[in-house]
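Enquirer: Chains as they are written, first to last, in this note's numbering: chain A, 1 to 575; chain B, 1001 to 1370; chain C, 2001 to 2361.
Check before you lean on any hint, since a few could be wrong.
Within a straight-line C-alpha distance of at most 25 Å, the following computed DSS-like cross-link-like pairs (lysine-lysine) qualify [what the hints assert, rightly or not]: (1) C/2319 to A/400; (2) B/1078 to A/310; (3) C/2187 to A/400; (4) B/1328 to C/2333; (5) A/108 to A/402; (6) A/25 to C/2080; (7) A/25 to A/344; (8) C/2209 to A/402; (9) C/2251 to C/2319; (10) C/2072 to C/2108; (11) A/406 to A/315; (12) A/108 to A/400; (13) C/2297 to C/2319; (14) C/2251 to A/25; (15) B/1328 to C/2209; (16) A/361 to A/344; (17) A/243 to A/76; (18) C/2054 to A/404; (19) B/1328 to C/2187; (20) A/208 to B/1124.
Listed next, the stretches of chain A that the computed footprint assigns to chain B, with coverage defined by at least 3 CB atoms under 8 Å from CB atoms of chain B [as the list claims (entries may be wrong)]: (21) 196-210; (22) 554-563.
These stretches of chain B come out as covered by chain A in the derived footprint (C-beta under 8 Å, 3 or more residues) [claimed, not checked]: (23) 1111-1118; (24) 1311-1319.
No lab work stands behind these hints, which were simulated from the structure alone. Cβ coordinates follow ideal geometry from the N, Cα and C atoms, glycine included.
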Amino acid sequence: MKKYYGSVSADLAAVDGRKRLNMDKIMTVLCFVLLMIIVVIPIVMIIYNAFFNEGKLEVEMFVQQVTEKKNLDAMKNTLVIALLTTILGTIMGVFYAWLLGRSDIPAKGLMRALFNIPYMFPPFLGAMAWDMMFNGRSGYINKWLVQLFGLKSMPININSVWGIVFVEVSYYFPFVFMQVVSALERMDPTLEESARISGARQRQVIWKITLPLVKPAISAGALLILTTSLAHFGVPAILGYAKRIYTLPTRIYAVIYNSGGSFDGIRQGAALSVMLVVVVSAALILQNRILAAGSYDIIKGKSMRPTLIKLRGAKLPLFLLAILTLVLIVIVPLVMIVLISFLKAYGLPLELKNFTLDQYKAVFSMGGTIDSIRNSLFVSITAGIICMFLGTLVAYVVQKIKPKGKGALEVISMLPYAIPGTVLSIGVILAWSGRIAGINLYNTIWIILVAYLARYLSFSMKTSSAALLQVHSSLEEASRVCGASHTESLADITLPLIRPAMVSGFFLIFLPAMREVTTSILLYGPHTRTLGVQIYTLRDAGMIPQAAALATVAIGIIIILNTIVTKLTRDRKGV
Amino acid sequence: MADQIVLNHVTKRFTTKTLGDIVAVDDFNLNDHEGECFSFLGPSGCGKSTTLRMIAGFEDLTEGEIELCGRLVSSRKKNLYVQPEDRGLGMVFQAFAVWPHMNVFENVAFPLRIQKVNKTDIVKRVNEALHHTSLTGLENVFPGDLSGGQQQRIALARAIVTNPKVMLLDEPLSNLDPKLRETMRFEIKALQRKFNFTIIFVTHDQSEAMAISDRMMVCDMGKIMQIDTPENLYNKPCNRFVHNFLGESTFINVVIRDGKAYPKGHTEQALDLPVPVNASAEMVVATRPNEIALTGPGEGGFATHIEKRIFLTDRTEYLVPVGEQLLKVQTPHRVTFAEGEACAVHLVEPMWYPADDAAAEKERARRQLV
Amino acid sequence: MANVTFDNITFRYGNNTVLEHFSLDVESGTIVCLVGPSGCGKTTLVRALLGLIKPETGSITVGDRVLFDAKKRINVPAEKRNIGIVFQDYAVWPHMTVLENVSYPLKKQRRPKEEIRQRAMHALEQVHMTEYANHLPNQLSGGQQQRVAIARALVVDSDVLVMDEPITNLDAKLREEMLLEIRMIQKRLNATILYITHDQQSALQLCDKMAIMQQNGTLCQYGSDEEIILHPANRFTFEFIGVSNFIPVVKEPNGMMLDCGDRIPYAGEVPAEAAQGGYELGVRPNDIVFDNTSPLKARVDSRVFLGSEYNYFLSVGQKQIRVQQSMLDARTKGIANEGETVGIRFLNARFYPARKGAETA
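Isolated chain A, as found in the complex (with noise of 0.2 Å):
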């Protein structure tokens, strides 16, 4: 018999354990320190300003903040469009994951497709598309009603709480359709078969049983609606500003626009940021509850493909509704903005000799926008990098390692989840401009970045962690056995197998990066604008056809990037 080894003296295995010990410790204390870095001492700052003035505790300012009728309407304002989005988004979404998870509608693929790609796009494209369209004033196709049918007055107003509704239920439903249609898919189709043994008729199953069972699917799609609207900027910025109609979010963009940056509109900004704190972690308390409650094991037993609903006649209806819908809500608000980019001035009539390429030549000449998507190309590509690893190795710390103040550190990772962009955007500006070891990132790209490395690192902790909890330790063990150290089964082993995971907690980060306006918006300087806010700043400043062929060439690098990105995940074998 051969040995490899001979004996190995039992010094040597003691050392190999202190050193692994002392791995595992720098791995930890590095988490702890990024995370206070990046995640806690912005949220800090923003309390800090909100309640003390040059270290003494003033509330006064905070008061009169919280108890302005402006504000306190912006609140309403929130309340009541998030909870409409919410309520309608979940109702829609509800409806077409039935249609093309139970029945037999034609063409479901290609269906299942498009209702994903609103999902794809920046609301506040669709927002600036739709304002093109029905705008109180000057929206072409009110126009074109009011000339058509002789009317007085336009007759849609998109420029209200029920307009900014509607852009955010277009684009926000795919939330609950997407949860419901996974649901309805991996649900045991005997659960429903039974029913019908039963001797209940095709309705009363659709209410007593599947609806109930899809339940905790339709409530984790509904709350992430509720939560997502609470804290959105681009679509009441777009909609909302020409009739003041305010929310939180844009509440908080104007006190500081109007202050000229100033340290008293950022301490204003400060408190109401609290105030739509406590609204978004009021909502997310409530999503813990309800989705704690209500969950149930409805995927087991043999697969079996699920028995079709027969529409019969209604098939054809609903296959136009189905239809319609993507058209009004994919087709129409492109199309929409492709046209506007052709136009020589805003306002003339859609006709082909109105039409010219000079917005793309006047656009791309300006000095700003090559600059923008290199900024956002840059901010988002390395926040993206940085996040995923970093986002990895909390999840590593988190699953693996286990150390004392594990919650601790899932907590501090996950809390930026809780905290909207603005709010980020206001903390990091306290924490970063030279109050803090005198480093002043103001008007700087690196902001930016810290901003994004904030905002998007839940998103490559939770891949991460998830694909760790896959990794069973029997495959770490094995590799032990087999001679590998620890150092070399991580590096074998288990690095290799969350490597998609990672990819994905990448592209994750990336694509919502290069299309975000929110955070960046209160961030940039004069020359570190991203594709998001050059857009939008373009549009403010009155240039429509410009930001529209901007928004054009944006909405061009998202299909093109989104079609690399299913390849990739597509191509990848094994695993």
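Chain A is already provided as a structure; the job is to place chains B and C on it using the hints.
Expert: Here is chains B and C on its own, set in the frame of chain A:
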């Protein structure tokens, strides 16, 4: 006794993308009597589940007719198809299919609520059903907090609460552990005696089917092989497949010469058996390892020796050469032979089948891919 | 290959003692099956052998090499123990091809490339997997993945091969095949295998020797399969290894009685210590035969045909016992009908002290 379930020339064809047409169920004819427990037994892909789903009404049929309790429910010719909820059946599924959002009471009450039975009657009948399934006291518990066995009892209670004449059981015991399987089997039989419903029991487990059924149907590759009582099926299987499927089998290939059966590759000693009159030149003698008697060499039988002795928990297994082949013999531990020891094997009433059919094996392999 | 010695191993999780003063010697070149109900500590023992956990006391030696000794503070790390392991869930790395999986242990030994390839292919040959060398594990069936795991464990000439429930996740037919294959590989390489399972049936089919562990983490019996089946050391082994009936026996002035509610005379032999009282007669269902000349009578409550056997429930006095009648007996001697009264005889009756407070079913 009246026939409760009648299948006339029932056929189901699927078209698959990769393998073309598959006849899942090919011309099934059967009659189940009232109060009978009838099993569909066969390997996966034999058509048993499809047949059950056609009876339940979850699948339409391609040809033929199904009659339940004297009423036509599916007929291709008359273009008739009764919805599953209107067939008046009880059914229990492999994965329990109890609704996790309802407590035990509501699960069982559901069929009655659908029928709009009045409240006092619901309480009475549900309690009765729970009593018969030993679930009394668990009314307010949710299924997620119960064991697999208890969940399957809820499904049973839900199925009997409407007092159906026909009960369809789709592998109801497969998700339970072996000990529980036996108890549940007894409980199902007890319920049947009490409520006198007709059972169709689908399973791939032959010993379970034999323990529970009055009659059973063995099918393979979409065709009925044999319908009979468990004892007749086990003792007189009509072909080699049924023999092998119903229990551990051991086969000897023989060559018939001068009215005697010689094990293949062994010309000196013939088997100590009368050869059936219609035997062809090559046959297969089929028997079961525990139906072969093993004795010392002087007591008749086929003289040979012990090649290998394997000790199993509840019996000893011997491999005994018969010609070129190794015969598997199982005896209680009390019968002991050493490896190499001379002995004799006695086959007790074996079955005779024609020699192997390679085509059937090929078809089976093709179907496994579906 | 080398022998493995566990000496006086104790392991606790908090206050929960999993193993206590456990000793076992696995001879070189044999398959030893470690069998016990789940939670008896068999997996803990394996993890201690592999160096994934550290026992409190005792020592583990493989051949002449001490892997662990609590007193001498020796604890060789897992990667240096040179033990092959096949886990229950295969633990085949999904991101590596079959060949890469099998080569990995050699790579960690920094062997030359050509040698790695040769030896990995040789290991794959031994488990008949050469044609799948470039497949990824998710393209393989459960049985094939298991073979890859075995090849990976074989490739480095480990001192000992540990298999932790390696066939539990396979279907019945494949289980049978894998058992034969493991046995053949063992023969070919003259390997020392420690095989862990809760399934006594497969253990019996496979092992040279069997170690039976009890719930409290102690060794019940260690011996060949036949020794254990024919001479179970205690009641736990007897019950664990198969189905059993128990009837209390009492001594009365006119001889030994079976206590079945009513007292029924028992004519069979009773060892002296059992006659003192507090003992029960244990008998396997297939060691009870019908014999109308026997004075011991029973009523047939039910008969179920199970294919390979008839299963009866009989009442002896108030006590129900289970009887299995083989088809050979049924065919040659006939079957008993429900409601009939029959004579029965116990073959191979055993006597064990009654379990205190426990129901003896």
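Enquirer: Checking one constraint from the list: CA of residue 1328 of chain B to CA of residue 2333 of chain C, max 25 Å. Satisfied?
Expert: At roughly 22 Å apart (the allowed maximum being 25 Å), residue 2333 of chain C and residue 1328 of chain B satisfy the hint.
Enquirer: Does residue 400 of chain A sit within 25 Å of residue 2319 of chain C, going by the straight-line distance between their CA atoms?
Expert: Outside the cut-off at roughly 55 Å; violated.
Enquirer: Compare the distance between the alpha carbons of residue 243 of chain A and residue 76 of chain A with 25 Å, and conclude whether the hinted pair is satisfied.
Expert: holds (16 Å)
Enquirer: Are the Cα atoms of residue 1328 of chain B and residue 2187 of chain C separated by 25 Å or less?
Expert: holds (22 Å)
Enquirer: Between residue 361 of chain A and residue 344 of chain A, does the CA-CA distance stay at or below 25 Å?
Expert: holds (12 Å)
Enquirer: Is residue 2251 of chain C within 25 Å of residue 25 of chain A, Cα to Cα?
Expert: Roughly 69 Å separates the two Cα atoms, so the pair is violated.
Enquirer: Against chain B, does the region 554-563 of chain A show at least 3 residues with beta-carbon separation below 8 Å?
Expert: Check failed, 0 qualifying residues.
Enquirer: Is residue 2187 of chain C within 25 Å of residue 400 of chain A, Cα to Cα?
Expert: Not OK: residue 2187 of chain C and residue 400 of chain A at ~40 Å, beyond 25 Å, violated.
Enquirer: Starting from residue 2209 of chain C, check that the Cα of residue 402 of chain A is at most 25 Å away, please.
Expert: violated (41 Å)
Enquirer: Please verify whether residue 2297 of chain C and residue 2319 of chain C have alpha carbons no more than 25 Å apart.
Expert: holds (12 Å)
Enquirer: Take the C-alpha atoms of residue 2072 of chain C and residue 2108 of chain C, compute the straight-line distance between them, and say whether it is at most 25 Å.
Expert: Not satisfied, since the Cα-Cα distance of roughly 28 Å exceeds 25 Å.
Enquirer: For the pair supplied as a hint, residue 1078 of chain B and residue 310 of chain A, confirm whether the alpha-carbon distance does not exceed 25 Å.
Expert: holds (21 Å)
Taken one by one, the earlier hints fail for this structure at numbers 1, 3, 5, 7, 8, 10, 11, 12, 14, 22 and 24, listed in ascending order.
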